[in-house]
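Protein chains in written order, with numbering that gives the first Met the number 0: chain Z, 0 to 299; chain D, 0 to 186.
Treat the hints with caution; some may be incorrect.
[As the list claims (entries may be wrong)] Residues on chain D that point at chain Z, a partial pick, calculated with CB under 7 Å:
{"hint": "1", "residue": "24"}
{"hint": "2", "residue": "65"}
{"hint": "3", "residue": "86"}
{"hint": "4", "residue": "105"}
{"hint": "5", "residue": "140"}
[Said to hold, decoys possible] Here chain Z is said to cover these stretches of chain D; the calculated rule only asks that three of the stretch's residues, wherever they fall, bring their Cβ under 8 Å from a Cβ of chain Z:
{"hint": "6", "segment": "29-38"}
{"hint": "7", "segment": "71-83"}
{"hint": "8", "segment": "120-131"}
What the hints contain is simulated information worked out from the structure, not anything from laboratory work.
Even for Gly, the Cβ is constructed at its ideal location relative to N, Cα and C.
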Amino acid sequence: MPTDATTLGMVRAGVCGFILCELLLTSFSDLSRLPVTLLRPTGAMQILPWRLYDLLLTSGGMLTLKWLMVLSLFAATVGCLTSLTTKTSALLFVFYEGLLRSFGHFNHDEMPAVYILIVLALTPCGDAFSLDSWRGKTRPRRSGIVYGYPILLMRMLLAWSYFSSALIKLRVAGLSYLSPDNLPNLAIFHSLDNLHDTHFRLAFWLPHVRQYTPIFVALVLLWELLFPLALFFKRARLITLALGIVFHLGTIFFMNIFFPYHLAMYLVFVDWGRWLRKVEDYLSASRLRSPSKGSLEGKA
Amino acid sequence: MRQTQETNLDDRHAEEDRRALVRYAVLTAVLFIPLFLAFVSTRNLYPFAASTMMLGIRDTQRGQTYYVLRGEKVSGETIDLPPIKLTNALTGRSWSLVRAAVENQSFKIRSPHPANIRLAAAYDGLDKLPRAARLEELLRAWGEIYNSRLSGSSNQRLKSIRLDAYRWEGGLNGDYDRFVESWRAEL
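Please work from the sequences and hints to get the whole structure.
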């Protein structure tokens, strides 16, 4: 488990940078055209008055929200006023994701990113790999747990998403989740309309191999249940994350469902500090080699 | 003198670390207790998710209704209109938004929008409210987004937009597309 300020700082930059890119590619003005009367505020979003939603779902309201989020996330990505901007980013992203869920259903793709932003907001993630640290506004502390525990917590939150997902399937559906019709039905249901984000038709091939689908579903459940092993063992981590990439790509083609945020949050499992040190060592070794190579060439 | 300063700095760091550990303990509890409760109750309570997305279809024989969004151009051509191309913020959610709009779900929440309360009252209550009472507004919004990207004189603009409902009767026998009904909005 990495326990250095650099890894935590790089995770901050990666998470905030990913969300920032997503937001920049999202049209808030198109969203503002949707009727506010279709909203069904969910959970904590019910606390807010309708007057706020009326003001928000206007062109000006949504553009204000977008640019506040972009500014805040950009500052958090580069580590400027990190303590403040990670908090505002977390708050604004919680609000924005709540707004989206008030239009549709409660899917859990973005939720690990929401929790990870909350963790970053309350940890010294600007102590390294940030403008704040380059300007000498912060200084890394010596105790590794201050940086190591937030990384562990973020990994635990992502692992919980998979582990609880498997347990809840077994709790609610029991062994019938492994019935040969379950996967083909679910996949076909998500492939019939044109309201999903992609329109792949591989689901209609599944009835032809329905007798084999329980094996595949059981393997996916097993992978989800064993996901927490990625917290403790390096080899298990590599296998688990590789299978995760295959699984999430598979759900696009078979179910027209994609979890990009889950995939992007795999970055919390990377020991960025070690990779950065490797790159720095390589660059300094190259610099050392270059003059001698030049002098040798000169002699030749 | 220098040694005293270093000792003071060490003490300050140790105190900061202790406070950080307390903060982390609270943060862990604040995140994981509601997540665990959401899991136990199988209920999503934003911002805490119960990961219920892939639970499967409980009764596979009951069948499902699904929807296809289409537009009719000024030129007369009918096209498929995937909503993700119109409101890309609703990634992975357009299908549930349409379903909720057809089923008047925004009228059935504890505290509906004042305009929805007025509309339900105008129909003498929720029971008499027609299905898809707000769907036309949604269709019109999507149609206007599409047209806003084209010049006013283009024959590629939409003159109307419609939502077609189909029924999948259940089972894996290939009988997936029995037409049920359609809603239409002129633009």
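Status of each hint after checking the structure:
no.	hint	in the structure
1	24	9 Å, violated
2	65	4 Å, holds
3	86	5 Å, holds
4	105	5 Å, holds
5	140	5 Å, holds
6	29-38	holds (count 4)
7	71-83	holds (count 5)
8	120-131	violated (count 0)
When held up to the earlier numbered hints, the structure conflicts with 1 and 8 and fits the remainder.
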